[in-house]
Each structure stands twice: as C-alpha cells, then as structure tokens.
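Undergrad: Here the protein sequences line up with chains A and B, keeping their order. Our numbering puts the first sequence at residues 298 to 565. Our numbering puts the second sequence at residues 298 to 565.
The reader is advised that the hints may include incorrect statements.
Which copy is meant is left open, so a pair is good if it fits within one copy or across any two.
[As the list claims (entries may be wrong)] Pairs of lysine to any residue residues, derived as SDA-like cross-links and limited to a Cα-Cα distance of at most 25 Å, are as follows:
| id | residue 1 | residue 2 |
| --- | --- | --- |
| 1 | 370 | 303 |
| 2 | 370 | 505 |
| 3 | 449 | 303 |
| 4 | 370 | 343 |
| 5 | 370 | 536 |
| 6 | 449 | 475 |
| 7 | 370 | 349 |
| 8 | 449 | 310 |
| 9 | 449 | 329 |
| 10 | 370 | 521 |
| 11 | 370 | 519 |
| 12 | 370 | 402 |
| 13 | 370 | 417 |
| 14 | 370 | 325 |
| 15 | 449 | 332 |
| 16 | 370 | 534 |
| 17 | 449 | 325 |
| 18 | 370 | 359 |
| 19 | 370 | 352 |
Bear in mind the hints are in silico, worked out from the structure with no lab data behind them.
The primary structure of each chain is shown beneath.
Number of protein chains: 2
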Amino acid sequence: MKTDLTATRVIPILGDPVAQVATPRLWNAVFSDAGTDAVCVPIDLPSQGLGAFVDWVRMARNVPGFLTTIPHKAALAGACDRVEPDARILGVVNTIRRDADGMLVGEMFDGFGMMDAIEATGTVVSGAQIAICGAGAAGGAIAIQAIRRGAKVLHITDMAPARAADLIARLSVVGQTELHVGIPQVADIVINASPAGSPGEAPPAFPAALTDGATCVADALTDPAETALIAAARAGGLRVVTGTDMAAHQAARMRAFLGLQEAVAGPR
Amino acid sequence: MKTDLTATRVIPILGDPVAQVATPRLWNAVFSDAGTDAVCVPIDLPSQGLGAFVDWVRMARNVPGFLTTIPHKAALAGACDRVEPDARILGVVNTIRRDADGMLVGEMFDGFGMMDAIEATGTVVSGAQIAICGAGAAGGAIAIQAIRRGAKVLHITDMAPARAADLIARLSVVGQTELHVGIPQVADIVINASPAGSPGEAPPAFPAALTDGATCVADALTDPAETALIAAARAGGLRVVTGTDMAAHQAARMRAFLGLQEAVAGPR
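Put together the whole structure using the sequences plus the hints.
TA: Below, the structure written as structure tokens:
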C-alpha cells in the first residue's frame with residue numbers, strides 16, 4: 298500500500314436529468330489546464346436517491362463536495378448540516394462542501410457569479426440602481442449579492458408579480474438597498490435572470506429606453522448566451538455580461554468553496 | 298431540456314484506500330481510445346459507507362455499475378441482489394452491475410482475466426496440469442476458471458496449507474478436475490496468485506524443475522509485473538503472462554459485464 302498517494306478528487310454534479318449540464322466539461326478543462334488532480338462527473342439521480350447519496354458522501358474521503366442543479370436545489374438545502382447566508386435566505390443550494398468531520402455545508406453561488414462578472418467589466422455596484430427580471434432562485438441570489446455589495450435601488454420584476462413581492466419581503470433583512478417590485482425608468486445595471494429570451498420565449502420586458510441608458514446589461518441565459526438583450530446592448534456600446542461570463546465567475550467561486558483552487562478576490 | 302442527450306456513464310471504483318489503484322487511469326485511456334462516453338473514478342470509502350453507496354447507485358441512471366477492491370469485496374458480495382457463479386463460490390465480488398430495474402448483480406473476474414490471458418498465449422487449458430500458488434480470492438477465482446475450462450489436474454499451495462485445503466473443498470463441486478493441496482512434480486501451467494515475489498517478499502515456492510518444464514508461467518502481481526518468476530520463465534523461452542496482461546483481459550471482461558463494450562470471446 299502506497300500511503301503517500303492521494304486519490305483523484307471527485308466532484309459529482311446531481312441532476313434529473315443531468316445530460317444537458319455543461320459543468321463536467323467546463324470544470325474538467327479547468328482542472329486539466331491547472332494540473333489539478335480532480336474530475337467532475339454527472340450523476341443522473343431522482344429525488345428518492347438523495348438521502349443515500351448524502352450519506353455516503355459524508356464518508357468519502359476524496360469527495361470534497363458536490364454540485365446540484367434542477368430539481369434538487371431545495372431538497373439538498375434541507376439535507377445540509379449548515380447553509381451559508383445566501384442559501385439560508387433562498388432555501389436553495391447549488392454547491393455542497395463536505396468538511397473533514399463529514400458535515401455538509403451548502404451555498405448558492407448564482408449571485409456571486411453574476412455580481413463578480415458585472416464588477417469584472419469595471420461596473421461599480423455600490424451605489425448603483427439595478428433592475429432585475431426574474432424572481433426565482435437565480436434572480437433572488439443575484440438580488441442578495443446586489444444588496445450586499447451596496448446597490449442603492451433595486452427593482453425586481455417577474456411574470457408573476459406576487460413572486461417578486463415575496464422575494465422583496467425576504468430581501469428586506471439583507472441590507473439598506475431601496476427595494477421595489479416592477480421596472481424602473483432608469484437603471485445603471487439591467488439584468489435578466491428569467492427564462493425570457495430563451496428559444497421560443499419572448500425577451501424580457503425591459504423598455505429600450507431603460508437598457509439604452511444603462512452602463513451594463515447582463516443576462517443569466519447560456520442557451521443562447523448571445524440573447525437579443527445582449528446583442529442590442531453590445532451593438533449600443535454598453536458593457537455586457539453573458540450567462541457564460543456569469544457561469545465562469547460562479548464556477549471559480551464554487552471551486553474555491555470546495556477547496557479546489559485559491560479563493561477568488563472579492564466580497565463573501 | 299434536451300431529451301436526446303445521454304449523460305456520460307460513470308463507473309466508480311471503491312477502495313479503502315483507493316489512491317494506489319490504476320484502474321481509473323487504465324479504463325479512461327481505453328474509453329478515450331474507443332470514443333466511449335464514460336469515466337471511471339476512484340472513491341475512497343470506509344466500510345460504513347457501503348450501505349448508502351449501494352442504495353443511491355440503484356437509482357443512478359448513468360451509473361451502469363461499479364468496481365471494488367480491498368477491503369470491500371466480501372461485504373459487497375453480501376449487498377448484491379444476485380451473485381454470478383464464480384462469485385457465489387468465493388463469496389467475493391469485484392464488479393457490480395446495476396440492471397435497469399435497480400437490481401445489483403456481482404461477479405469476480407480475476408479467474409476470467411488470468412485464464413483469458415493464458416489462452417491468449419496459445420496455451421491450452423483443457424486437459425492441462427496446473428499448479429497455483431495462493432489460495433486467496435485471486436487464487437480461488439483462477440482455480441474455478443481452470444476447472445471450468447477443463448483442466449485435468451490442479452495443485453494449489455499456500456503459506457497456510459489449511460487455506461488451500463478449504464479452497465479445494467469448495468472447488469470440488471465446480472467440475473471434474475483432479476484437485477490436490479501442494480506442489481506437483483510437473484505441470485503445463487504454473488501460476489502465482491499470492492503476494493510472493495512482491496517487494497520484500499520471497500518468491501513463490503515453485504522448484505526450478507517445475508517451472509522449467511512448464512509451457513506457460515503466469516504471475517498475478519502487477520507491482521512489479523516483471524517478477525523473478527516471470528523473468529526466469531522469459532529467459533527460458535517459456536510463454537509468460539504478467540499481472541498486467543491478466544489485468545487487461547480482466548478489464549475487458551468487466552467492461553463487457555457492465556455493458557460498456559462488446560462481449561469478449563471465450564467461455565463464461
């Protein structure tokens with residue numbers, strides 16, 4: 298037995314389905330480039346398998362944690378021993394770390410990823426007026442990080458206005474940002490965090506005057522990443538953040554959380 | 298949701314420890330060469346995690362099964378819903394297939410691998426006289442396949458003679474081969490399936506007259522694969538089978554069992 302060896306670290310990503318998820322390909326390319334002895338693998342698991350999955354991961358020495366996508370984000374928030382602040386507000390996790398004592402710690406990184414990507418364009422979030430379309434888990438996570446990073450005013454719109462109102466009620470404890478349901482007249486940063494703009498879906502209901510006057514326009518969609526919203530903003534010379542940009546920043550946060558690379562700069 | 302996609306198939310190999318196991322590297326090279334969308338990953342799991350591991354694998358749609366090494370081979374034989382004939386005799390498995398209904402079927406492939414490798418040298422097992430050193434799981438598995446393939450006489454020796462006697466008692470139901478404890482005067486095929494010849498261990502207790510008169514000499518060791526036994530046989534112009542040869546043949550059987558490639562030729 299060679300005791301000086303360490304097994305390749307394995308990071309599963311759970312989904313149902315999971316075949317559409319690009320994370321294993323993207324992460325494995327990063328591991329390969331960085332010379333990191335780790336592999337991300339998809340696991341196509343129905344909800345009934347989550348309890349057993351969590352139980353063995355607690356004991357697996359070369360599994361630093363795992364990722365999850367639809368539909369397991371809420372169930373796994375409940376299965377964690379501890380959830381970090383953003384996940385606690387949202388009730389969903391997308392990354393679960395296994396600590397040395399077997400404890401599972403969850404967090405939701407969509408907000409970190411989007412706000413890191415926006416700040417990487419040189420756009421200042423602190424003091425900004427921000428408009429978000431979509432009050433689901435992604436929109437909520439983005440809103441939390443906008444508040445934590447000092448946004449002055451935040452408007453949230455959703456196809457279901459009650460959902461936006463519910464989210465704003467949960468966000469009121471996070472910080473000092475002025476919160477509104479709806480679409481503002483002006484904003485520095487305009488963000489789509491809804492399915493609007495996906496193939497077969499109408500684009501987000503932002504008026505042209507709003508986006509034209511913004512400093513930065515962002516869209517969480519990755520399929521396509523070049524949405525009509527992004528294309529118009531790019532044509533207008535604005536700073537743009539695509540879903541691919543957001544995903545890259547989010548992934549760096551997730552790997553840092555799992556101890557797979559040095560921590561990234563920026564607020565927690 | 299893209300329903301035409303299939304998630305990469307994931308084949309874990311469980312051990313405690315598992316870092317020393319070459320299987321992920323070897324299998325992933327085969328998958329890469331063959332264009333098979335599958336990945337083998339090590340999982341370093343203590344015995345307490347086996348129950349939960351088995352439970353989630355039953356439900357994981359892109360996990361066709363898993364492999365195991367020391368010390369989980371016996372515990373997992375007990376966890377299978379069905380064990381194939383060789384594994385049933387030995388009470389150990391090294392490969393567990395998940396069938397579409399979630400049932401787990403286990404088998405032990407050491408014997409298939411060694412006998413396939415010996416036959417691949419042109420050596421005829423049917424009617425042969427065979428000497429095996431080592432009455433553990435590997436020696437037992439090799440003995441079973443020697444009997445199933447029509448060996449005429451089989452001698453088994455072990456540092457603990459009682460262990461060889463116990464194995465022979467279990468083998469008596471397998472076939473018509475004449476079975477003996479000990480080392481014969483002559484043999485067509487001489488096989489080491491014990492740790493003898495590992496670094497710091499004495500070589501197997503086969504007399505030179507026995508190996509010199511053989512047609513084929515085989516050794517299950519892979520570290521080193523070129524043991525003193527193998528080197529002497531090679532120098533004497535005999536057919537040789539190394540642990541690396543055996544492992545390659547065994548792996549092909551295991552992948553076929555898991556539905557990962559076409560079935561290999563040869564007896565089951």
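Undergrad: Are the hints correct? Go through all of them and say.
TA: Hints versus structure:
1. 370 to 303: between (30 Å within a copy, 21 Å between copies)
2. 370 to 505: Neither: 34 Å inside a chain and 65 Å across chains, both beyond 25 Å.
3. 449 to 303: Cα proximity of residue 449 and residue 303: none, with 48 Å in one copy and 45 Å across.
4. 370 to 343: within (12 Å within a copy, 27 Å between copies)
5. 370 to 536: neither (31 Å within a copy, 58 Å between copies)
6. 449 to 475: within (6 Å within a copy, 88 Å between copies)
7. 370 to 349: both (16 Å within a copy, 20 Å between copies)
8. 449 to 310: neither (36 Å within a copy, 52 Å between copies)
9. 449 to 329: Neither. Shortest intra-copy (41 Å) and inter-copy (52 Å) distances fail the 25 Å Cα cut-off.
10. 370 to 521: within (23 Å within a copy, 47 Å between copies)
11. 370 to 519: within (19 Å within a copy, 44 Å between copies)
12. 370 to 402: within (13 Å within a copy, 32 Å between copies)
13. 370 to 417: neither (27 Å within a copy, 51 Å between copies)
14. 370 to 325: within (22 Å within a copy, 30 Å between copies)
15. 449 to 332: neither (42 Å within a copy, 53 Å between copies)
16. 370 to 534: neither (37 Å within a copy, 63 Å between copies)
17. 449 to 325: Intra 39 Å, inter 52 Å, cutoff 25 Å: neither.
18. 370 to 359: Both, since 23 Å and 20 Å are each at most 25 Å.
19. 370 to 352: both (17 Å within a copy, 20 Å between copies)
When each numbered hint is compared with the structure, violations occur for hints 2, 3, 5, 8, 9, 13, 15, 16 and 17.
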